[in-house]
Structures are given as C-alpha cells and as structure tokens.
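Since chain A is already given, all that's left is putting chain B on it; use the hints.
Here's the letter readout for the chains.
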Amino acid sequence: MEKLISLKIDGRPVSVPAGMLVVDAAKRAGITVPVFCYHPKMEPVGMCRMCLVDIGRPAVDRVTHEPILNEDGTPKIAFGPKLETACTTPVSEGMVVWGATEKVMAARKDVIEFLLTSHPLDCPVCDKGGECPLQNQTMAFGPGESRFLFNEKNHLAKHVPLGELIYLDRERCIQCARCVRFSDQVAGDPVIGFYQRGRQLEIVTHSDPGFDSVFSGNTTDICPVGALTTADFRFGARPWEMSKASSICTQCPVGCNISYSVRREAKSDGRCVVKRVLPRQNEAVNEIWLCDKGRFGYHFGEAEGRIQKPLVKQGNEFVETSWKEALQLVAENFRAAGKKVTTLAGGRLSNEDLYFLKKFNQAVDGKLFASSEMGGGEWTRRLGLTPGSDLGKVGKGAAVLVFASDLHEEAPIWWLRLKQAAERGLNLIVAGARATRLDKYAAHVLRYAYGEEEKVLKALIAGQGEAGQALQSAADVIVFYGADGLGLTQTEAAASLCAELLVKTNHFGRPNNGLVAVWPHANDQGAAELEVPVSANLAEELGAAVALYIAGADPAGDSPALKEAVQRAGFVVVQELYMTESARNANVVLPVQASMEREGSLVSGERRVQRFYRAVPPLGESKADYEITAAIAAGMGTKLNAVSAEAAFAALTQAEPAFSGLDYAQLGQTKAQWPLTGREEAYFSGTVVENKDGLGVTLSLQPNGKSAPAPAVMPAGLRVSKEGWLAVPVTRLYDQAVTLHSSELLKGRIGEKALSLHPDDAEKLGVAAGDNLSLILDGQQLEAAVDLDAGQPRGVVLVRRSMGIALAGPAEMILHKIGNG
Amino acid sequence: MLRGLWTTFREMFAKPVTIQYPEIKRPVRERFKGRHELKRYDNGLEKCIGCALCAAACPADAIFVEASENTDEERYSPGERYASTYEINYLRCIFCGFCEDACPTEAIVLEKDYELSFTDRADAIYTKDMLIVKVPAGGQPTPQKVTPGSFDRSIPEMKDPTN
Numbered sequence: 001m002e003k004l005i006s007l008k009i010d011g012r013p014v015s016v017p018a019g020m021l022v023v024d025a026a027k028r029a030g031i032t033v034p035v036f037c038y039h040p041k042m043e044p045v046g047m048c049r050m051c052l053v054d055i056g057r058p059a060v061d062r063v064t065h066e067p068i069l070n071e072d073g074t075p076k077i078a079f080g081p082k083l084e085t086a087c088t089t090p091v092s093e094g095m096v097v098w099g100a101t102e103k104v105m106a107a108r109k110d111v112i113e114f115l116l117t118s119h120p121l122d123c124p125v126c127d128k129g130g131e132c133p134l135q136n137q138t139m140a141f142g143p144g145e146s147r148f149l150f151n152e153k154n155h156l157a158k159h160v161p162l163g164e165l166i167y168l169d170r171e172r173c174i175q176c177a178r179c180v181r182f183s184d185q186v187a188g189d190p191v192i193g194f195y196q197r198g199r200q201l202e203i204v205t206h207s208d209p210g211f212d213s214v215f216s217g218n219t220t221d222i223c224p225v226g227a228l229t230t231a232d233f234r235f236g237a238r239p240w241e242m243s244k245a246s247s248i249c250t251q252c253p254v255g256c257n258i259s260y261s262v263r264r265e266a267k268s269d270g271r272c273v274v275k276r277v278l279p280r281q282n283e284a285v286n287e288i289w290l291c292d293k294g295r296f297g298y299h300f301g302e303a304e305g306r307i308q309k310p311l312v313k314q315g316n317e318f319v320e321t322s323w324k325e326a327l328q329l330v331a332e333n334f335r336a337a338g339k340k341v342t343t344l345a346g347g348r349l350s351n352e353d354l355y356f357l358k359k360f361n362q363a364v365d366g367k368l369f370a371s372s373e374m375g376g377g378e379w380t381r382r383l384g385l386t387p388g389s390d391l392g393k394v395g396k397g398a399a400v401l402v403f404a405s406d407l408h409e410e411a412p413i414w415w416l417r418l419k420q421a422a423e424r425g426l427n428l429i430v431a432g433a434r435a436t437r438l439d440k441y442a443a444h445v446l447r448y449a450y451g452e453e454e455k456v457l458k459a460l461i462a463g464q465g466e467a468g469q470a471l472q473s474a475a476d477v478i479v480f481y482g483a484d485g486l487g488l489t490q491t492e493a494a495a496s497l498c499a500e501l502l503v504k505t506n507h508f509g510r511p512n513n514g515l516v517a518v519w520p521h522a523n524d525q526g527a528a529e530l531e532v533p534v535s536a537n538l539a540e541e542l543g544a545a546v547a548l549y550i551a552g553a554d555p556a557g558d559s560p561a562l563k564e565a566v567q568r569a570g571f572v573v574v575q576e577l578y579m580t581e582s583a584r585n586a587n588v589v590l591p592v593q594a595s596m597e598r599e600g601s602l603v604s605g606e607r608r609v610q611r612f613y614r615a616v617p618p619l620g621e622s623k624a625d626y627e628i629t630a631a632i633a634a635g636m637g638t639k640l641n642a643v644s645a646e647a648a649f650a651a652l653t654q655a656e657p658a659f660s661g662l663d664y665a666q667l668g669q670t671k672a673q674w675p676l677t678g679r680e681e682a683y684f685s686g687t688v689v690e691n692k693d694g695l696g697v698t699l700s701l702q703p704n705g706k707s708a709p710a711p712a713v714m715p716a717g718l719r720v721s722k723e724g725w726l727a728v729p730v731t732r733l734y735d736q737a738v739t740l741h742s743s744e745l746l747k748g749r750i751g752e753k754a755l756s757l758h759p760d761d762a763e764k765l766g767v768a769a770g771d772n773l774s775l776i777l778d779g780q781q782l783e784a785a786v787d788l789d790a791g792q793p794r795g796v797v798l799v800r801r802s803m804g805i806a807l808a809g810p811a812e813m814i815l816h817k818i819g820n821g
Numbered sequence: 001m002l003r004g005l006w007t008t009f010r011e012m013f014a015k016p017v018t019i020q021y022p023e024i025k026r027p028v029r030e031r032f033k034g035r036h037e038l039k040r041y042d043n044g045l046e047k048c049i050g051c052a053l054c055a056a057a058c059p060a061d062a063i064f065v066e067a068s069e070n071t072d073e074e075r076y077s078p079g080e081r082y083a084s085t086y087e088i089n090y091l092r093c094i095f096c097g098f099c100e101d102a103c104p105t106e107a108i109v110l111e112k113d114y115e116l117s118f119t120d121r122a123d124a125i126y127t128k129d130m131l132i133v134k135v136p137a138g139g140q141p142t143p144q145k146v147t148p149g150s151f152d153r154s155i156p157e158m159k160d161p162t163n
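Residue numbers (this note's numbering), protein chains in the order written: chain A, 1 to 821; chain B, 1 to 163.
Think of the hints as simulated: they come from the structure by calculation, not from any bench. By construction, the Cβ of each residue, glycine as well, lies at the ideal position given by its N, Cα and C atoms. It is possible that part of the hints are untrue.
Calculated pairs, DSS-like style, for lysine-lysine (alpha carbon to alpha carbon, straight line, at most 25 Å) [to be verified]:
#, chain 1, residue 1, chain 2, residue 2
1, A, 267, B, 128
2, B, 159, A, 153
3, A, 324, A, 340
Pair by pair, the computed Cβ-Cβ distance ranges are [as the list claims (entries may be wrong)]:
#, chain 1, residue 1, chain 2, residue 2, range
4, A, 692, B, 135, 47 to 57 Å
5, A, 110, B, 106, 42 to 52 Å
6, A, 198, B, 94, 45 to 55 Å
7, A, 322, B, 148, 48 to 58 Å
Next up, chain A with everything else stripped away, as it sits in the complex (with noise of 0.2 Å):
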C-alpha cells in the first residue's frame, strides 16, 4: 500500500500517494491549476511558471523540531514569501495551498501577458484556434490587455518546414519544450531542441530527413499552441466544425484506439471525409500516443481508384454491374464447383468477417485458410496475454523477451511502451540477428546469424547465459515474436519454442505473462482466435482451387508463384477496396467498405477485442465484408445474419467459445483514466481524444491452453551456394502497402529501396546507397535499389517486405551490379 499524503487545496482536504506533484493532486482533486510545459506523461521542468500557487507548510520550531501551533491547537501553517510552481513540487504532510487567491490570479495574469508579448494573436488562421491551451487559459486568466508596447513585437518566421510531416511557426512558439522534451524522454528520437537563448529562441530539427521520429505527430497534440502543425492537417478545418468518430488503427497488430476528425465538403463533391486522425486514449493499448503510420496513413479510405460497383470479367474487360447479378454469378459458378470452394481471408478482416468465412466455408465443405507470411497463431492463441495484461504496468521484476522483431518499424507503440517499461526497470532481452533500435534499451542483446534462431531459442529454454537465467527467475515474461528474416514454417517454429520457453519457466496464465506475434496486420490475432488455419503451401492450394474466394487479400501482388497459382484457379471472386493484382486476376470483383466506412471489431496481438465505428459513409455501392459473405452465402442456401455487424458478433460469441459472453456493449465500455483528457484536459494533456467508445476487452485463455507444445524443429538455416546471398525478408514501418501508397505525404519516407546491404558488402560489389541491383531470385531476374545499414550482419541481403520484391521466406539471391552483366 503507498503511503498517502494529506493536504489541503483550496480549501478543499485532498489524500494523494507520496510523491505526487501539487498540479496531479489537484487536478485529481477536480481543481485548475492553469500549465502550458507541464504534461503528466513527461518529467517537470517549471519553465512557463503558469502553475504558480501559494503553498504553506506546517511551521516547525527550529531548536526543538516540534510544530508550533495556533492558539486554538491548529498547527501554524509558514507559508513562503514568494508562489512556487505546482508541477515541480511535491506534496506533503499539512501542506497548505491555495490555487485562486488575489496574489496567485495576479501572478496568472501577468504570466500570460509575458507570454503574450511576441504571440503573434492570428487565432483566425491557426491551426489549433478553438482547442488551444494559450487561447482558452488567456480567456480565463488573462489581463486582456498589455502594457508591452504593440510595435515592439518579435516577428519571426511562420512558415518553417521541421521536415515534411511538421511545420513550424516561430512567432507562436511560447518556449514550453513540451516537443523537445517528448521527442527526447518519451520517443527516444532527440532530434529537434532550442536554439539560441531569449526572444530569439527557435524550435529547430538536427535530423535528415527533418524530424525524423515515427512519433512526430504527437508534439502536435501537446504543443499547448499552434506552433506546431500537420502537413497533413493544414488549414483543413475548424476544430469545431469536424465530428469525431472512434475506431482502431488498422496499420499494425497493436489496436491503437483513433478518433478520425470529419467533416463534410464541398472539395470532396459534398462527401463527409475524414481530415484528421487523433489519438484516443486507452492506457493499456496506446496511452494518448500514435505512430505517424497511423496518423497520416488514414487516406486509403478516400483515394483515387477505389472500386465503387461490382465488376464482372467479360473476355478481358471489367463491366460493373449490378449486386444483384454479380451476386448470382458467383453463387452459379459456386455451386458448380460442386461447393468445393477455397477461401482466402486477409489480415485487415474483422472478426465478424472471418467468422462469416468461416461458417460459409462450413457450409460449402471447402477450404479455408488466413493469407499471412507468419504463423505461430496456435501458441498466442493458447499461450497470449490474459485479461489484466498492460505493457504499462510491465516494469521491475518482469522480464519480456522480443525474438526477431524489429518492434520500432514493426509497431512502433509497442516498441515506445517496451522503452518505458526498460526505463522502469524491466528486463529487456533483445535478440535478433541485426540491431535495432530495441538494442539501446535492452538489458541483453542476443545476436545471432540468420539461420541461427533455433539455436538462440534452444539455449533460452535451457535457462543458458545471463538472459536465459533473467527469463528462469522472472515473476512475470511476455515474449514477443516476429519474422524478421523468417518465413511462415520457420516462424510457427519459432512460436512454438517461444511456448515451449514459456511452459517451462511457468509464464502463461497469469496477467503480464504469454506470448505475443508481432503480426503483419491488424487482425491476425482474431484470425488465430478463429483458428483460420495458414497454408505453407499456399500456391498449390490456391493453383487447385475449382472456385477461390479471397477477402482482404492480395496473395497474386504478393508474389509471382500466387500470382500464377490465382490464374490457375478456375472462377476467382475477390473482394477489395482497389484493384490489386488478385482482382484484376478474378472473374468477378466485389467492392467493400474501407474500415472508416463500416463497423466491426478487431482483436490486437494483445488479445485486446475492440470496437471501430463508422465515420464516414460508404463509397458508391460498397458493402462491408461479411455483408457480402452472407449475401454469397443466402445464393448458397446458407443464412447468415448479416443485419449489423452487433449481430454478426452476436453469433461469433455463440459459436466460439474464445469469444463467449462478449458482446459489443460490453466492448464500448469505458472507466477513468489517468491522465484526463477531453476537451476541458485539452491544456493538461493535448488534444488527445477522450475515450468515451470503450476501453476493448482481453479474451481469456481457453482450458486447453495449459498443454505444453511438442518439441518443435525449425528448418535447418539455409545454406548458399558461394556466389549466392541469403536473402531474407524483413519488416520497415513505411512500405508501399495499398493502405499506405495513397498517403501522398508519407511517399518520401517509403522511399524505392527494397534492399538492405551492410556498407563492407556494398563496396564489395561496387555499389552506393541508391543504385540500382540486378538480382535473380527464384529464376526470375529483377532490378531493385539498394540501401546501407551498418547495423546488419554481413552477407545476408535485407528485403523489404511489400517493396516489390517478394520473399516469403530465407532465399538464395544472385547480385549483380548494374552494368556488370
């Protein structure tokens, strides 16, 4: 039990933990104490001295240390001669402060007028006009007018490109460093600080590209001004005029909790459109934080080329048509495929979707199988983390593991939580075959060869070297996994030893315990719930299909070997937003509702259920998944209650045990968290969005999870011949994604480069950053650029995922330098 302190606020008799700051215990005390550089998430620094309040303490004797008291008995309060700043101080014992007398709203008022001196006053054209921390604490504790001379104002720069996600404006800058402090203490990212002293203080970047943090986007949320602004965002609107609508993140595993701001639009041909995207918090998924990939990717909903009717192929040609006809077709030509049909569900599916899937697969008696390059569902389905899990309460005396993943691109909260709970004092075993950004942080690093996994994971399970012996004597491990530089067997491999590693030290069970995949989308973890088995032989199950059916995925633009196994298929149907590659391959192409457009519900690698909503309605004639899976299914003979998608989830929870006695109410619960936040908090926390659409839930481990996996072999580590490399794929945040292409402002940081090379071997083979390779790769001859990474081990070529080069798994790969023949 923490020891609790109490005073007195106002007046009003407050109890909070040891250690609290005064500008905490009020605010938990539902008393205003006004700050600008002050935020919860983040050390104090007293800089804007907005905070300052008249604290007394109880007067003790000097000779005899005893408390002088009043003369009714009262200990005397000593108060100082001067205020002190509530968020550097900490409270104590009687303490004595008063927050709204005479002294203190004067000090107030003369602390905005300082601040107010250079504040170039253009609310009309600023960005954060109307949910500003300076605006609205001017209008309550402001002097309203000022003694500073109008024509001695410092005019500075107001057009000041940080990099191309975040501008700058100078004259606005009030000095908080709320964004230099974030981008230090909680990103990790130490990339942007003050320049110059005094009036000619600046905000300025020391990064290529400018501002180069996946976090940068929330310094926008707590600049408590409108110095700080999206590119993205510009001049879109006013706060007050947008609606906000809650949903999930669907860029990564990870579930973040969003709110997408919207608005109608006469730029947009009258559509309401989403125009931004802010964090909502959930203090066990994201805090109040985001990611940039989740900021600024959110324009696949909107952009050109979404397919808005049915198409039907008619000799080489798509011709829309009607539901009604499309529909028809498909279930003709599935039922002469004698019912056998294969079904393909991709990784951005909902729950309710895949299990639609499912039971039409049940249905037809045919095969169904999730598109994923990574396996191991079976083990974090049985071994995940368990309901009462957070990262952020992850700290001293528990030990996390993170196996071949680059969490920092992978999924970058996870990563920025991992940092915070190492700073806490957790144990941090990193191993992995390259560095990553973990590594500073990590309490062990494990460095291993590619091909090597097995002999990493082997010799932690037999509790060998100071990290194996970390995870024996752990109270509590999660382990996270990934495929960085694995394919799908050598994955579900890997995933089973990491159960294996759990079993055995007894971490499985219980909260903050079990395993977590770093899963390539957002809804893997449901389709693992779902039990939607993966196929390592996708191609020829797919090459043998009668009728494939593929929701969600795109397995032709994922490689050339599926690409051929979808034409070898006989009638194709595929539901998508775009024409990928596997719809122009199909017979017949059935437009859906992008996520913002639908509701449903997600299941993050964390086991968490939650809830999105619609925010913008649907385009054109598009319906959402499992509406066209109970639509095909009704042509079948199969009723599916499609009527929403809270029936939909209704069934699953009757039929999977995993989900039983969930339903979306309890989904869309929420409770108080700390810190604040909604409009009123927009000042104590940023604009960070109030969580008023619920909180999610973790599913509970099923009985059967307590049995221990069975030894597991990995595929021996490939072998390359001599003038081969191994080539393996790896994972970065940016990639070229057709949820992520259509982000016009992300394209710089994607980039072309689809190789990785350490910088000995570029100059071996005569190559610069940039150049173009030639390589062979499963026959086939390509030409890729090629990047440098002093980090990654020697010999082995890096491929990035979904940059044009498909790699399911470790390859032999011929290089060439361009030129060379």
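Relative to chain A, chain B alone:
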C-alpha cells in the same frame, strides 16, 4: 360622409408614396444590410483569409468556408491561408450582420443589394465568384505571383489595437 369623402379627395392630389419599382429604385439607408460582398485590398488580393469565423458566428448556419494554403506562386490573400470555397445560402441568411462583426480582416461586408429572389434552391447559394468584388483599378486579379516574403502576414499592416 362628406368628411370621409374629403379625405379621399385630398389624397388624390397628394404625392404618392409608391414608386415605379423596378424602373425607379429608392436609395437604402446607410446602415441597411443587404447582400454580402467579399472585399479586396487595393492591390487586388482578397481580404478574406478563410478563417471561417463568419461561419462560426452565423446563427443560421448560412455560411460555408473551406480554407487552403497560399503560396507565393499562387497567392489569393495575404498570409498563409485563403478561402478556397466560400458559399452563402441566402435561403438561410437572416442578414443579422454577425459575420461582419466576426470578420478579423473586414473582408465580408453587408452591402446594399436587396434584389435576391430565386426560382431554384440551388440558385440561392452564392459562391465566392458571385460574392467577391471586382478587382480595383491598379490591382491584379487573384491568384497572383508575388515576390517571396512580401505577404507573410494575414493582416498586412496591423494597427496597434489599443490606439
């Protein structure tokens, strides 16, 4: 009865108060509030900076504004922001003049034109082209190409508000 007829008779020779509208138009009062106009500076740049405060102030939700970013290559107004869409729905407008009061650049002014009649709902929506005044003599039409750095501020020469 004669007294009543006398009134009628007298009025026959009085000056009629009716006028032959629309051939003859009576001047409106100085403070009359008619159709809005969007003003320009003398150099032709638009005063409107697309801040949408008029839309926020409008009690009838008659105004719709969308802003975009100015560049020195294509400049519509001083500063970084201009109104790329500006629409007033005259079926909604109640001519209260709150928009005029809210405008930080004195760009929107309720002028004297009262001849507003429509046969179609869509015709009642006046777009920016219809609302903006002609380019004054000596000014350039927008967008203008200007020397970089010459129009950095939304209000080019802000006066000391306390004077």
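* CB-CB spacing for residue 94(B) and residue 198(A) relative to the 45 to 55 Å hint -> About 50 Å separates the Cβ atoms of residue 198(A) and residue 94(B), which means 45 to 55 Å holds.
* Consistency of beta-carbon spacing, residue 135(B) to residue 692(A), with hint 47 to 57 Å -> holds (50 Å)
* Given the range 42 to 52 Å, decide if the beta-carbon distance of residue 110(A) to residue 106(B) lies inside it. => violated (32 Å)
* residue 267(A) and residue 128(B): Cα distance at most 25 Å? -> It holds: about 14 Å lies between the C-alpha atoms, which stays within 25 Å.
* Does the alpha-carbon distance linking residue 159(B) and residue 153(A) stay inside the 25 Å limit? -> Holds: residue 159(B) and residue 153(A) sit about 12 Å apart, inside 25 Å.
* Using the C-beta atoms of residue 322(A) and residue 148(B), is the stated range 48 to 58 Å upheld? -> holds (54 Å)
* CA of residue 324(A) to CA of residue 340(A), is that 25 Å or under? -> Status holds; Cα separation ~22 Å.
Against the hints set out earlier in the document, a violation occurs for number 5 only.
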